[in-house]
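Colleague: Letter by letter, the chains look like this.
2 protein chains.
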Amino acid sequence: MVDVKVERLLVNYKTLEDFKRFQAYGNQELSMLEDLQNEIVENDSKSPFYGIYFGNNLVARMSLYERSAQYDHYFNPPQDYLVLFKLEVLPDYRNRGYGKMLVDYAKSFQLPIKTNPFINSHDFWEKMGFEMASYNLERDLGENPFIWMPKGVKEAVQPPHRTLGNIVEQEDEETK
Amino acid sequence: MVDVKVERLLVNYKTLEDFKRFQAYGNQELSMLEDLQNEIVENDSKSPFYGIYFGNNLVARMSLYERSAQYDHYFNPPQDYLVLFKLEVLPDYRNRGYGKMLVDYAKSFQLPIKTNPFINSHDFWEKMGFEMASYNLERDLGENPFIWMPKGVKEAVQPPHRTLGNIVEQEDEETK
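From first to last, the protein sequence lines stand for chains F and R. Take 28 as the starting number for the first sequence in the working numbering and just add one per residue. Take 28 as the starting number for the second sequence in the working numbering and just add one per residue.
It is possible that part of the hints are untrue.
No distinction is drawn between identical chains; accordingly, a pair holds when it is met within one copy or between any pair of copies.
Claimed, not checked - Pairs of lysine to aspartate or glutamate, DMTMM-like flavour, derived with a Cα cap of 20 Å:
#1 154 / 165
#2 134 / 61
#3 134 / 56
#4 73 / 167
#5 181 / 45
#6 47 / 170
#7 154 / 93
#8 47 / 150
#9 154 / 30
#10 32 / 66
#11 41 / 153
#12 134 / 119
#13 73 / 45
#14 73 / 61
#15 41 / 165
#16 47 / 99
Calculated directly from the structure, the hints in this document are not laboratory data. Model, not experiment: these values are computed from the prediction.
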């Protein structure tokens, strides 16, 4: 087996070119490119992404962001936690354990983790020891949050939110 | 052309069965089903979803949620706004303007709208008069927010956030 490792990705033109191969390329990447072009960030500065290179090719990546306890609505007690997003392995490099390597790396910080998986990846997250968070409309909207908790951490107790609180009301007659 | 209209969807077993045909079926739908089974919500109560029926079949849907001004980080001045999510037209019913009918319905509330489009649907949102919001890592993480503003509303001025603030730091040596 080829020796690969997880590494922190640096913001530079090569990284941003590599990112174009990933399906979840979006505003974040475009904004990083703009920041680099406008010299708002230095070349080779640290990015919020971690990845795995196979030779010279970036073949897997994820982004990690640390949210502070004051914004925590997922864990009990409220605490600093990681948001993991854009976990993706390029099609030709799947089933080699690269996704697991990235997730294990995220777990190594020993903070609880929240992610919003792509559709159809729930089995993967369960295999990684994540569980589906109790759904809360106001907090989650269209998300399907999955969470991972180190020992001693529990899921936040949800307030009994089961009302239609902020759902848009309009006279149904108008739609006729 | 068959006469179709946008209507508020009711929470009942038929609706929840209809939802299974949509790709974005997830925690939200499972939670609604559980609430119905446990009689936490009444049968035929209003749901946060709007949809279009073709005959007896639900062929398009979206969810709308109103967030109050105190949580607004998208618009200027901060104000109540709608979050639109899970807009989806079943494959056999595309290119008939149903997506636009749903979006027009959302616009009819005359509140600004924020959505996080599926990958590869940016062209659609631009055609609908939405624009890509300026990306802010802390606010948006893996999202690609698109926004629509009624007359007189502007995009929020973003604080100069372009730092690596809360990005996870770890000694790079550990990864060797």
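Colleague: Against each hint, give a clear statement of whether it holds in the structure.
Modeller: Each hint tested on the structure:
1. Proximity of residue 154 and residue 165 under a CA criterion of 20 Å is satisfied in neither setting, with 28 Å inside one chain copy and 28 Å between copies.
2. Taking CA atoms no more than 20 Å apart as the test, residue 134 paired with residue 61 passes in neither setting, with 31 Å inside one copy and 31 Å between copies.
3. For the homomeric pair residue 134 and residue 56, neither the shortest alpha-carbon distance inside one copy (24 Å) nor that between copies (29 Å) is at most 20 Å.
4. Taking the shortest Cα distances, residue 73 and residue 167 sit within 20 Å of each other only across copies (19 Å), while inside one copy they are farther apart (29 Å).
5. In this homomeric assembly, residue 181 and residue 45 never come within 20 Å of each other (Cα to Cα): the closest approach is 38 Å inside a single copy and 34 Å across copies.
6. Taking the shortest alpha-carbon separations for residue 47 and residue 170, only the inter-copy value of 16 Å comes in at or below 20 Å, while the best intra-copy value is 24 Å.
7. Taking the closest pair of Cα atoms, residue 154 and residue 93 never come within 20 Å of each other, the shortest separation being 23 Å inside a single copy and 35 Å across copies.
8. For the identical chains of this complex, residue 47 and residue 150 are inter-copy neighbours only, at 18 Å across copies versus 26 Å inside a copy, given an alpha-carbon limit of 20 Å.
9. In the homo-oligomer, the alpha carbons of residue 154 and residue 30 never lie at most 20 Å apart, since the shortest distance is 23 Å inside one protomer and 47 Å across protomers.
10. Neither within a single protomer nor between protomers do residue 32 and residue 66 lie at most 20 Å apart by alpha-carbon distance, with minima of 30 Å and 50 Å respectively.
11. For a Cα distance limit of 20 Å, the shortest separation of residue 41 from residue 153 qualifies neither inside one copy, at 33 Å, nor across copies, at 29 Å.
12. In this assembly of identical chains, residue 134 and residue 119 lie within 20 Å of each other by CA distance neither inside one copy nor across copies; the values are 25 Å within and 42 Å between.
13. Only within a single protomer do residue 73 and residue 45 lie at most 20 Å apart by alpha-carbon distance; the minimum there is 16 Å, versus 46 Å between protomers.
14. Taking identical chains as interchangeable, the C-alpha atoms of residue 73 and residue 61 lie at most 20 Å apart only when both belong to the same chain, with a minimum of 16 Å there against 44 Å between chains.
15. Taking the shortest Cα distances, residue 41 and residue 165 never come within 20 Å of each other, neither inside one copy (39 Å) nor across copies (24 Å).
16. Neither within a single protomer nor between protomers do residue 47 and residue 99 lie at most 20 Å apart by alpha-carbon distance, with minima of 32 Å and 31 Å respectively.
The structure is inconsistent with the numbered hints 1, 2, 3, 5, 7, 9, 10, 11, 12, 15, 16, although it conforms to all the rest.
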